[in-house]
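Add chain U to chain G, keeping to what the hints say.
For the record, the sequence lines run as chains G and U. According to the working numbering, the first sequence is numbered sequentially starting from 2. According to the working numbering, the second sequence is numbered sequentially starting from 11.
Think of the hints as simulated: they come from the structure by calculation, not from any bench. We put the CB at the ideal spot given by N, CA and C, even for glycine. One thing to keep in mind: the hints can contain errors.
To be verified - Some chain G residues flagged as far from chain U (calculated, every beta-carbon gap over 12 Å):
# : residue
1 : 82
2 : 199
3 : 215
Unchecked claim - To spell it out: a stretch of chain G is covered by chain U in this simulated footprint if at least three of its residues, at any positions, have a beta carbon under 8 Å from a beta carbon of chain U; those stretches are:
# : segment
4 : 170-180
5 : 255-264
6 : 293-302
7 : 399-410
Said to hold, decoys possible - If you anchor each label on the Cβ, the simulated ranges turn out as follows:
#  : chain 1 : residue 1 : chain 2 : residue 2 : range
8  : U       : 727       : G       : 345       : 41 to 51 Å
9  : G       : 223       : U       : 861       : 34 to 44 Å
10 : G       : 284       : U       : 727       : 19 to 29 Å
11 : U       : 645       : G       : 325       : 38 to 48 Å
12 : G       : 415       : U       : 542       : 44 to 54 Å
13 : G       : 365       : U       : 887       : 19 to 29 Å
14 : U       : 720       : G       : 297       : 15 to 25 Å
15 : G       : 424       : U       : 734       : 42 to 52 Å
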Amino acid sequence: MVFLLLTTHFAMSHYNASPNSKRMRFKVRTLPLALSALLALACSDGSTEVQTFPVSVRVEFPAAYATTNAANARVVLTSTERNTSDSALTDAQGLAQFPRVLPGTYVISSSVTLTADQAFTLTGQRTGLTLNALAPARAILTAPTEPLVQALSGSRIGDLVIKEVYFTGSRTPTGGLYFSDQFIEIYNNATDTIFTDGLLIADTFGAAGQINPTTVPTPFQVQPGEVYVSSIWQIPGTGRQYPLLPGQSLIIAQDGIDHRGDPNGNPASPVNLSTADWETFNERPDGRDLDAPAVRNLTRLVFRGGFDWLLPVFGPGVVIFRAPNPSAIDSVLVPGSTATWVSRVPNALVIDAFEALQNGNSGPYKRVPAALDAGFVFASGTYTSQSARRKVATVIGTRRVLQDTNNSSNDFTVITPPTPKGFGTP
Amino acid sequence: MLRSVRSSGWRRDPFSALSGWRVGRVGPCGVTLLLTALPWRSAGAQQAGCTPFAELSGTVLQAPNGTPVTTATLRVGSRVVRTDSTGRFRVSGVPSGAAELEASAPGLARRVIALEICGPSMSGLFVRLAVRAVELDRMMVTAQETPVSAQGSSVSRIDRAAIEHVQASSLADVLQLVPGQPALNPSVAGVRQSLLRQAPTASSRDPGAGTEAERANALGTSIVIDGVPVSNNANLQTTLTILNSGPNSLPQFASSAGRGVDLRQFPADNIESVEVIRGVPSARHGDLTAGAVLVTSRAGAQRPELRVRANPLTFEASTVAGWGNGASGLSLDGNVVRSQDDPRTTRDRFTRATAQVAWSARPGARVGTTLRVRGYGVIDATLQDPDDRRTQRVSESRDRGGRADLRVLMGQPGADAWQTELTASASYAEQVSQFQELVTRDIFPVTGATRDTLAPGVYGRSEYLTQLTVDGRPLNVYARLERRADVRRGLVRHQPVFGLELRHDDNRGAGRLFDPIRPPRQNFGVGDRPNNYATIPALTQVAGYAEYRLRAPLWGRALDARAGLRLDVVDPAWRATAMHSATAVPRVSVALPLNQYATVRVGHGVTTKTATLSQRYPLPRFFDLTSFNYYPTVPSERLVLFTTRVIDPRAPTLGPVRARKSEATIDWTVRGATGTVTAFAEQTIGAFGTSRVPVGMLVPQFRATAFPSGRPPVLDPTPFRVDSFVGLYDTPRNSRTIATRGLEFTADVPEWSLLRTQLSLSGAWFQTVARDTDVEIPVEQFLSGARQPARVGVYDGGRGSEAGRVLTSVRLLHRVPQLGLAASALWQTIWRDDDRPVGRIDGVPIGILDRSGQITLLTREVALSPAYATFVRAVSPLETRWERRPALHLVNLRLTKTLPWRTQLALFANNAFADRPLYQRQRQPGFERRNEPLFFGMELVAAMPWSSSSSPRTSP
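Looking at chain G on its own, in the form it has when it is part of the complex (with noise of 0.2 Å):
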């Protein structure tokens, strides 16, 4: 018995070692005479006969689901030794039982194919996607005591958007208009973490209404293909320094600062931004501009404004990309002007866009391009402590899964006062 045995292994290791034709042939002569003298062994001593124990496995979707366990998910065990695949399907608990396991070396791997329905369920995107686990190979030589654990893993559906715009800025007690205190919030919409390292940050060029009689709209709208911006900012980073969590999100900062608490301050300002996760420092010798040394500064790629990041209080529009090479994004002149340059962002590098105009009538005004963002929000005023946070499409767990049709007027509504880092009280 012993020796049959180790026949049978030496045989198979051969065919694991070198899976090449004439191996092959090896072992398609090997295995059958193994085989049958194992089998002749055996019924001609049953004293010796091997033990099959059953083997449950469990298969998880990611943690980012709505569920921990995966039904209908096929399980395939394959047993290194001897070659051989059994697989079943997981039931409502996410189980896979195999009854008969012969003790040995099996590599058990499962996967699941939802449908977009099912993965709208699970994930609140409505893609469709197939989730696949691979344990490596390992012993099972007796019962498990638990179910085995396979951890789903799939392609990460979603991405980053655009979770809030703090653009209008506060009044003063007195009534003085504070814009020091708007802030961007980018969230993060997948099911898995996203490194935030290198990720650009735009406005858009244009006016966001017919703010005064002589406003046009910007001319570029002739230009569907690509969205044209004034200045750029950068995370900074390797590119594995500044992950963001399913679920979690950033915000930068015009001025980091508690811009309620500072007596320096607006004590009506609705936000106290001393916990953004970055400000953008706009550094410059005659500079009036703070940095916040508590807040990290963002790195300023390309800036065409004064002495701060101003966004449009009337409403701006704002992209988030990612280029190869961000110094290769060119400058082109505004029509029409001998020195007012513009940056241009092609449609495809565009990760999420929002766009907010003067008001209801501004439609014309749009700057966005219509396929990256469709619509628009306004808000009531100027300084009116309003923002524009995306509306919560539904809620995996304990996640937020933000609603992105690529539609400012669908995905966002008008608040107040706004909620960094937050949804408000429901």
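Chain U alone, transformed into the frame defined by chain G:
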């Protein structure tokens, strides 16, 4: 006697047995004299049988009661006499021929009467003057051209009646009567400036701004009150430019610093007459370029008069009174105005109070003195709106001061006599301007360093109340010593004039005061500090002038020629080298009758105007550049470090502005109608402009080595980096040129007796090109963003604006003297009102400026090469397009009625048809509202005491 004798055309006065003089139209109110029934004859054309010179004598009476006027002044040519206690006068040495007798008396309307004089004597003349011009046979409601004036060429004279006719509140409102000036509603809202012989250029159409060309015109217009120029040279009520503004922005409060005198401070009710020199002034007028406005106050013996004017915006009360005789006496006048800019609120308001005492005496037979003491107070304020917590804005300009003028005249007027006149004047004013505003911005680092240094600053609050006070104390001293004569040798008259002038302008005010931590809104990168005016040196000018006027027969005609030379020396003691300048300028004019219908005059002259103290001493610029910036949550751990650089923006040399004037005039008279046509060309060179220039500076940057708790960070004393920075500051330059050519014309048609209607026409065409000769460098690009360009283009100078305007004013006056009724209509048409930018045809640079401040010149070929393609600026054809506005009509109506008890009522409606069309601009989107708004009202004038003159006496 009082009845009309119009039917005769010729008449003899019952008191005169003389014949040989002719009497023309006679007013229905019984004006006893005179006018030529015949056309004027050319001056100097001596009539057969007449002696070369004549003696005139007569009596001046007041209409309608015939009271002798004992305070009248009569002028024939250079002869000036006064009436005696019985109202009689005698003038000797008057050349035979056509002449004008001008009679004036305080409180009475002036008259000019044409005479045909034939020696040896003409006596028994009766000149009738009336309180109200409407009661006279002729009433002038617009400016009259003075054919030949001792003050210069192209002189418009505006009399009391015309001043009253436009409801003038200040001298500014009076000047609209000058040919070519548009009619305006009387207003004291905002600083008022003059604009003589110049079309308003395009950018000045923004209310309140005014281009440098217009400022140069107002600055170059000398305002002379009773022989003493009013100086604005020491007016320092200015402040730095505000956020995002151009270099020429006006301060937030009312101020005329660096511009012409604010004309609102001169009430119109106290003005007897105004002469406006538009052409070549006499050499005795200096420190001017555009022209001069000579104001004669109402002074001398006259009945007390109270004048009250009220409309929804303005309440004004004036009083004039005088005692004494023509030679000596005391007169008082006062004026109070309260006005608001908007009938709905009293927060924007203007208040003016003036008082003047004039005392004339003749201590000796050959000495006459006049002392005038004038005090005034002007407040132009925008008070805080109690509901406005947001801006809490307040702006106020208070100007109060006093002036004392002394004029001493020695010598006997008349033939072959020399006269010496001494004029001395001193004025002192307290000018306090204040501006308050609640500034809301971001939290910002700020410093109070006042010299080049590296020092910590503080973080200013995002919202603070800034309060700025500009305290100026201008002191102006003026003195003139003039000696003149009128020497006759046969038929030739020699009139030499020599004079010396001294002007001294100083300001010892406390200056600009504010808390540097709560500064006014600032321009880019420029800090602001308080400044003391005591460090600014005084401006002293001396001048000498000589003029010779020759009046002689030439080819049977009367030649009137004048040549003068004027030498102006600024800072004669060389106390401030940069100030010193010396200029000698000629003034020449010649008048020669062509025939009995026309006289031709030509004139040429150069005028100069020195820079004011505000232009010579612009406020220093402070650049506060951050070398370290650390703003943690704990206040005690914060630190900002500033590198401060102070820049003195004074130009090393700022010479006087020069204006070259040439003109030719034809005075014509046909069948009693008279008129003038003047063609002129003027060029002003070196007018003051402001240039924004770059200055490079280095800014060390520091790092912290430790961050102790509760204390500011510890810095490494060695900078880890040195940044370069290009700062900009505004400096004055003699860089602007203004060229104007044009045509002015007037025509007066005598009253058509059938309809009792007279017609006058005036108008002008002005074509003005104002340019900046400085090269243009868009240095703002250095500051436009974090990615400041390494270089910017340098573009050729010469950009500017061209504007043209053709304006005519037709005035119709219908009178019913028996009823004391006069109705007048002004029909003004602006036929052309065009403007366009000039000098922007080519966007090719002539050089490149780098961040170190170095300019590299480029040839055109190099500039057009691909390497410099980014510096070639696109010039849109739209930018150079003309704005051509269609013809615009305006009709003003006025009805005047004399009432019992020496009162007069006037009803007026300016822009009676309320026609305010819109013009759509061609160069940029938008519309312009044209024409003045409808303005109508009522004016009541009363003279005191009412009872004494309410019953007309029988005339003699």
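Verification of the hints:
Every beta carbon of chain U lies more than 12 Å from that of residue 82 of chain G, the smallest distance being close to 63 Å; the non-interface claim holds. A cut-off of 12 Å between C-beta atoms confirms that residue 199 of chain G is not in contact with chain U; the least separation is 20 Å. A cut-off of 12 Å between C-beta atoms contradicts the statement that residue 215 of chain G is not in contact with chain U; the least separation is 4 Å. Under the rule that three or more residues need a Cβ within less than 8 Å of chain U, the assignment of the segment 170-180 of chain G holds, with 7 such residues.
Residue count for the segment 255-264 of chain G with a Cβ under 8 Å from a Cβ of chain U: 5. That meets the three needed, and the coverage hint holds. Only residues whose C-beta sits within less than 8 Å of a C-beta in chain U count toward coverage, and the segment 293-302 of chain G has 4 of them, enough to reach three; the restraint holds. Coverage of the segment 399-410 of chain G by chain U is violated [criterion: at least 3 residues with CB-CB distance below 8 Å; count 0]. A hinted range of 41 to 51 Å for the beta carbons of residue 727 of chain U and residue 345 of chain G is consistent with their spacing of about 45 Å.
Judged by the Cβ atoms, the range 34 to 44 Å given for residue 223 of chain G and residue 861 of chain U holds: they are separated by roughly 36 Å. For residue 284 of chain G paired with residue 727 of chain U, a C-beta distance near 21 Å keeps the hint of 19 to 29 Å intact. Against the hinted window of 38 to 48 Å, the Cβ-Cβ separation of residue 645 of chain U and residue 325 of chain G comes to about 44 Å, which satisfies the hint. Separation of residue 415 of chain G from residue 542 of chain U is about 52 Å and conforms to the stated range, judged on CB atoms against 44 to 54 Å.
As the Cβ distance of residue 365 of chain G to residue 887 of chain U is approximately 26 Å, the hint placing it in 19 to 29 Å holds. Restraint check, residue 720 of chain U to residue 297 of chain G: a C-beta distance of roughly 23 Å satisfies the suggested window 15 to 25 Å. Between residue 424 of chain G and residue 734 of chain U, the C-beta spacing of about 47 Å keeps the proposed range 42 to 52 Å intact.
Hint violations for this structure: numbers 3 and 7, all remaining hints satisfied.
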